[in-house]
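Enquirer: Going line by line, the protein sequences match chains L and R. Position 117 (the first sequence) corresponds to 117 in the numbering used here; numbering is contiguous. Position 117 (the second sequence) corresponds to 117 in the numbering used here; numbering is contiguous.
Rather than coming from a laboratory, the hints here were simulated on the basis of the structure. Cβ atoms here follow ideal geometry from the backbone N, Cα and C, with glycine treated the same way. Be aware that one or more of the hints could be misleading.
[To be verified] Here are the simulated DMTMM-like cross-link-like pairs (lysine to aspartate or glutamate), alpha carbons at most 20 Å apart as the crow flies: (1) L/Lys175 - L/Asp70; (2) R/Lys259 - L/Glu110; (3) R/Lys311 - L/Glu296; (4) R/Lys74 - L/Glu376; (5) R/Lys207 - L/Glu110; (6) L/Lys370 - R/Glu282; (7) R/Lys209 - L/Glu296; (8) L/Lys370 - R/Glu279; (9) R/Lys311 - R/Glu275; (10) R/Lys70 - L/Glu199; (11) R/Lys209 - L/Glu297; (12) R/Lys207 - L/Glu118; (13) L/Lys37 - R/Asp122; (14) R/Lys207 - L/Glu372; (15) L/Lys45 - L/Glu296; (16) R/Lys38 - R/Glu279; (17) L/Lys37 - R/Glu282.
[To be verified] Quick look at which bits of chain L chain R covers, simulated, 3 or more residues with Cβ under 8 Å: (18) 26-39; (19) 104-113.
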Amino acid sequence: MKVGIPRALLYYWYGPAWKAFLSAAGLEPVVSPPTNKAIMTAGLKAAVDEICLPVKVFIGHCLELQKNCDAVLVPRLTSVARKEYTCPKFMGLPDMIRRLLPRTPVIIWESAGSFLPERIWTPQGSGMIFEREFLTLAGRDEVVHGDANGNNHGVIRGDGVIRRRGVVRWSGRMKKPLAAARKAHAVYTGLLRRGYLPEEAMALFDGQQGRPAGLRQRTNPQTASQDLPDAAGRVNPERHREKLDRVNPEKHGEKPDRVDTLGHRAKPGRVIGLVGHPYCLYDSFVNTGIIRFLQEEGCRLLTPEMLPEDEIATALKGLPKAIYWTMGRVALGASRLFRTHACGQAGVDGLIHVAAFACGPEALIGEVIKRECSREIPYLQIYLDEHTGEAGLHTRLEAFLDLAGGKERAGCV
Amino acid sequence: MTTGFYLGVDVGSVSTNLVVIDEKGSIVKKIYLRTEGKPIISVQKGLNQLGQDFKDHEILGAGVTGSGRKLIGKVIGADLVKNEITAHGVAALQVNPGVKTVIEIGGQDSKIIIIREGTVVDFAMNTVCAAGTGSFLDQQAKRLNLSLEEFGGLALRSKVPVRIAGRCSVFAESDMIHKQQMGYKLEDIVAGLCEALMRNYFNNVGKGKEILPPVLFQGGVAANKGIKAAFEKELGYEIIIPEHYEVMGAWDAALLSRKFGKKMGFRGFSLSDREIRVESFECPDCPNCCEIVTVVIDGEPIPGWGGRCGKWEKGVSRAIG
């Protein structure tokens with residue numbers, strides 16, 4: 001049975017875990033293609049007007065997946081860390097999707113306090129076929145439809161599986177897929193910490209050689225496989241350090257011989273910190289290729305996903321009030337680290353904050369980051385909406401890079 | 001003795017400006033044209049006018065800036081294509097080396113550029129919305145049947161500007177009409193509009209920036225005396241409008257091409273006599289359906305752009321009928 005995974009929203013954090021989970025449960029995960037115009041247009045058409053662009057794009061991916069999948073996995077990630085929340089729109093996501101996909105069952109991955117599911121279930125009426133198959137495959141449980149009174153939504157009894165009103169609680173038999181998800185997540189985040197961008201890390205994780213254009217800059221296929229953990233799950237600490245050093249060009253004697261638009265020799269590898277929600281940073285269609293643009297300009301990029309969680313937590317000590325939006329907290333913590341020191345750098349040359357136009361939490365966090373950056377390092381805020389014209393974005397990025405290039409570059413005649 | 005000159009072109013949403021500078025960097029000739037949605041034709045017009053004076057002189061370099069820079073850069077064969085934010089900062093420094101703040105309001109953009117010790121240290125630009133820029137003033141002046149000069153003069157005569165909602169130009173327009181029908185004097189309404197635009201600028205673009213004198217005000221809107229007055233009233237000191245305020249971007253492009261250009265690409269003033277067609281089509285090769293634009297000069301296509309994969313830029317040409 002094919003289960004679709006939308007390549008959108010927190011896929012860039014948890015995609016490998018979802019894939020591993022479904023595979024270990026005996027299902028076939030299918031990831032939607034990278035966002036394209038057709039997907040975005042479908043999402044814009046189907047979605048309510050008020051939600052943000054990334055959610056509309058998510059809807060587009062679900063509509064794309066329903067064409068050739070038996071079910072679609074939709075996360076309800078209310079919270080992925082204790083006393084923190086993701087976004088109110090994430091809570092309503094499965095409900096929006098199941099109204100839009102009348103014929104395809106929606107599998108809801110529901111989390112509270114951790115990204116791992118508290119429960120996985122399918123809403124009444126849409127998920128019967130899936131449920132029977134899924135339970136059978138996963139736990140070989142006896143599945144009985146209908147209760148003693150003949151109600152359709154009755155209790156299903158199995159070996160430790162209790163179902164009440166459509167809710168399936170995990171039995172001991174689900175330990176295997178859950179463990180697979182946990183392990184995949186650890187390996188994947190390990191790769192991110194070592195400086196791979198999500199597309200690179202996932203390609204590496206899947207053992208593919210072909211990587212998407214524009215994202216291959218820092219991955220060397222000959223040595224990349226050494227970054228994967230060995231059979232016992234250990235990573236090579238030497239490789240870890242080396243990989244991050246690659247972000248730091250001086251140590252490798254790289255001197256890109258580039259001349260920028262003002263005729264200056266580009267400073268070898270300007271380092272730019274990018275912060276923002278993962279789906280704003282890594283969906284190159286939604287952000288009209290910010291990462292590609294910066295890489296082509298010869299910049300080294302640092303993103304929040306490259307930072308260990310404990311460093312972010314330390315960086316945020318002393319805030320008058322804890323930030324309870326996970327992604328906002330990560331963005332602010334990362335911006336603080338990027339300003340001072342991170343990944344072997346003594347601070348980035350400039351910081352770019354990418355946010356979706358209608359995002360409430362980001363409007364606040366963005367302001368905090370901006371105030372902290374002002375007078376220290378160049379800061380640029382980019383709001384994403386339905387524009388596909390790159391000109392406006394590139395104008396701002398070009399001017400920003402002139403600014404981040406230092407005194408000799410910015411204002412000379 | 002033949003001296004060399006440098007050409008600068010600024011292709012904005014509302015105006016297309018061309019300047020020719022000499023080797024010292026001063027403006028020898030400037031041309032200000034309306035873009036009217038046809039950037040190539042207005043550039044051709046400008047080149048035609050310049051060609052009459054500079055046909056026999058050598059153009060040593062050409063620079064392009066403005067929102068249409070990519071297109072026009074390809075068409076005229078520019079040596080240098082620069083974003084308009086950096087451009088305006090550099091030109092302002094040429095005028096006044098001590099400048100600390102540049103306010104630039106053009107057709108679709110408004111910008112603030114913060115300069116300290118001769119270096120651009122910060123900038124901001126209006127977000128996706130063009131409320132409070134030149135286009136809006138243009139539209140309102142037309143609606144009231146006023147030229148922009150009359151518009152500015154009228155605003156200066158006002159003693160009690162009325163309060164007009166400035167956040168959104170659609171709101172502002174309905175507010176203005178309402179105030180008109182209530183019987184407020186036209187000059188007070190016009191002055192109110194200038195203040196609304198100024199408030200919008202400080203709230204949106206100038207938000208949180210440290211604005212210090214000397215302040216340079218440039219871009220097409222600087223011609224409007226009412227806006228200048230509104231800014232001065234708010235800041236409490238005089239702001240400077242440079243002599244060539246309307247062509248600062250083009251001037252800068254010329255200055256930069258003088259300094260950094262490779263000095264070889266310019267196709268010459270005769271470009272104005274050639275047939276330039278723009279072809280656009282949707283690339284059918286993947287679901288992104290990129291809108292590809294190619295320019296055909298006298299039947300000879302130059303590499304297209306607009307694609308996300310980059311193959312059209314590399315010169316893959318399509319049979320164009």
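Enquirer: All hints are to be evaluated individually against the structure, with a verdict given for each.
Expert: A quick look at each hint next to the structure:
A distance of roughly 24 Å separates the Cα atoms of L/Lys175 and L/Asp70; the hinted pair therefore is violated under the 20 Å criterion. Of the pairs offered as hints, the one joining R/Lys259 and L/Glu110 is violated, with about 60 Å between alpha carbons and a cut-off of 20 Å exceeded. With a C-alpha separation of about 15 Å, the suggested pair R/Lys311 and L/Glu296 falls inside the 20 Å cut-off, and the hint holds. Between R/Lys74 and L/Glu376, the direct Cα distance comes to roughly 38 Å. Violation of the 20 Å bound is thereby established for this hinted pair.
For the suggested pair R/Lys207 and L/Glu110, the alpha carbons sit about 41 Å apart, so the restraint of at most 20 Å is broken. For a cut-off of 20 Å, the pair hint linking L/Lys370 to R/Glu282 is broken: about 39 Å separates their Cα positions. This hinted pair does not check out: R/Lys209 and L/Glu296 have alpha carbons roughly 30 Å apart, beyond 20 Å. For the hint linking L/Lys370 to R/Glu279, the alpha-carbon distance of about 42 Å lies beyond 20 Å, and the restraint is violated.
For the hint pairing R/Lys311 with R/Glu275, the CA-to-CA distance comes to about 26 Å; that exceeds 20 Å, so the pair is violated. At most 20 Å may separate the alpha-carbon atoms for a hinted pair to count; R/Lys70 and L/Glu199 exceed this at roughly 30 Å. The suggested pairing of R/Lys209 with L/Glu297 is violated, with an alpha-carbon distance near 28 Å, which exceeds 20 Å. At roughly 44 Å between alpha-carbon atoms, R/Lys207 and L/Glu118 are farther apart than 20 Å, so this suggested pair is violated.
Restraint check: the Cα-Cα separation between L/Lys37 and R/Asp122 comes to about 34 Å, which exceeds 20 Å; the hinted pair is violated. Between R/Lys207 and L/Glu372 the alpha-carbon distance is near 15 Å, which keeps this suggested pair within the 20 Å criterion. Restraint check: the Cα-Cα separation between L/Lys45 and L/Glu296 comes to about 33 Å, which exceeds 20 Å; the hinted pair is violated. Annotation: proposed proximity of R/Lys38 to R/Glu279 holds, straight-line Cα distance about 14 Å (limit 20 Å).
Straight-line distance between C-alpha atoms of L/Lys37 and R/Glu282 comes to about 12 Å, which keeps the hinted pair within the 20 Å bound. Counting residues of the stretch 26-39 of chain L whose CB falls under 8 Å from any CB of chain R gives 5; the rule of at least 3 is met. Counting residues of the stretch 104-113 of chain L whose CB falls under 8 Å from any CB of chain R gives 0; the rule of at least 3 is not met.
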